[in-house]
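**Student:** For the sequence shown, full-length UniProt numbering gives the first residue as 1, with consecutive numbering after it.
Just so you know, not all the hints are guaranteed correct.
[Said to hold, decoys possible] Ranges between beta-carbon positions, derived for each pair:
#1 I139 x T195: 14 to 24 Å
#2 N344 x N280: 34 to 44 Å
#3 I139 x V198: 31 to 41 Å
#4 T195 x K129: 17 to 27 Å
#5 T195 x S268: 53 to 63 Å
#6 E362 x D419: 28 to 38 Å
#7 E362 x A310: 18 to 28 Å
Hints are computed from structural coordinates only; laboratory data are not their basis. Backbone N, C-alpha and C define an ideal beta-carbon position, used for all residues, glycine too.
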Amino acid sequence: MKGRSYSSAIAASLIAVLFLFSTLFFYQPAAKAAVFEGTVNATELNVRSSPSTTASIVVKLKKNQAVSVLEQKSDWYKIQFDKKTGWVSLKYITKKTAQPAVASKTVYVKTADLNLRAAPNTSSKVITKLKKDTALTVISVSGKWTQVSVAKQKGWVSNDHISAAKQGPEVKSSTAKTAYVKASSLNVRTAPNTTSKVVATLKKDAQVTIVSTSGKWNEITFAKQKGWVSGEHLTTQAPAPAKAAPKAETKQAKVSGTATLNVRSGPSTNEKVVGTLKQNDLVTVSKTSGTWSYISASKITGWVATQYLASPSAAQPSKEKAAEPILQFVTLLADAEIKAGPDNTQKTISQQPAGAVFVKVEVSKGWVKVQLSSNQFGWVEESLTISEVTAPAPIPPAAPASVLKGKIIVIDPGHGGTDPGAVGRITKEKNLCLTTSLFLAEMLRNEGAKVIMTREKDVYPSLSERVAISNKSNGDAFISVHYNAHTSTSTGTMTFYYTDVKDKKLAAALQSGIAANTPLPDKGVRYGNYQVIRNNKIPSALVELGFISNPNEEKILATEDYQRKAAKGMLEGLRKYFEQKK
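Please construct the entire structure, taking both the sequences and the accompanying hints into account.
**Tutor:** This is the structure:
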């Protein structure tokens, strides 16, 4: 019995020793709470609801995701991110290295009521609120947060709201002071720092009232608003008054040199016609742009060509003959139907190809009235036409003894209709021939000559028909108008004749006038065996006004300016020819 009791005592002692040993061996102290910032170092990291690989997955985080570590349990960290919490294996979190916040270990609160938090994030508990300019002792830095101690308390504050120096007390002005913005634009903020919200932006020279200062910042009022601005962008010196814009000079003028004058929406013949004026109408000119004047007159304002304005006191034109209206043209951009009236329901009276040129009569509701021949008119959609070309101003009638007065001149615009003539990159010869011929015809009529045209629209009279028109005219001169084509480098103007006795003097006079008025090389006069001059009974010549085949020269030929000059050259050539025959 005694032996058995002894054995029991030994067994009990042994059990006690083993229990104590196991307790000591397996015991681990509770993990200390860890508070720091870290980043995920795994490609993808499972965040779990508890510190166990069998716990449910709350979310998956990507590599380099920033997190706040709140505590540690064994091999697990409890983390916070985007206001959520969860558990992750600690080996997949890399701790951010804390660095000093500033060179000084003491920093100061630069805003009123700064939150001191339990952890470096805005969702953690607020320990207390700190007043402006409170001194803080820096412990460590984690990202955008600094751990500090103050009044025996530790916590975290945002780096945006601390500085190495005091802001200084807010100074209230004894009297409000007027100031002006000297920067091109100035942000007005809710607090005296660059991180606070912008509530307004002021422009240069804006007037404000300074009501207080805080360091380098001024509290201002403006337009019933209040805010803070950097004092370096304000000045108490009032800006110089803006110079008054010079008063626009106006003058009176009257319409002169034309029976009707178009008023346009802009200073160009491409601009829309907004109205018309009549000869001797009085206008007020308020400004000019190049060769255009901006006018106002009896319920209409717009731009007119300055050349048709004169001083109100200028001599009145002779009543014997009113100045002729400006001649205008339109060119078809595509094949088009010519209608009897300004409406698609009207009868089609003609089919015209792209490039056809007509005299423009008027515009009505998106339709243009054009002259098809001397006594035929029609309508075409305005959208199918290119902006009109205005012919040169009518040349004032010459003296009664004008050498051209009473002369009969036959003008033959080359090609036409199905025969385009030479075709360039941007032009067709038939169109240039017609436009130039119409310019010449108008100039001749203004000098008192009678003009007969072999064609006035885009049609093709045969060569025999052209000659027949001339031979029946009892005319004094025949001119066939053409543009040339050969190689891409060919250049210049030339005039052809058939007989020395009948034609050469006319050709020479025409070429002389063309060469004097155009910028192209003078290639002189030459013999040409062309039907329209060979079979003609009256003095005849065929002019070639430049090479469409030369791309550079074609650009010149296509301009209104060149065609006017060529027409003027032929006009002067005809004057010279008839002067020589006196």
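**Student:** Would you pick out the hints that fail for this structure and give their numbers low to high?
**Tutor:** none
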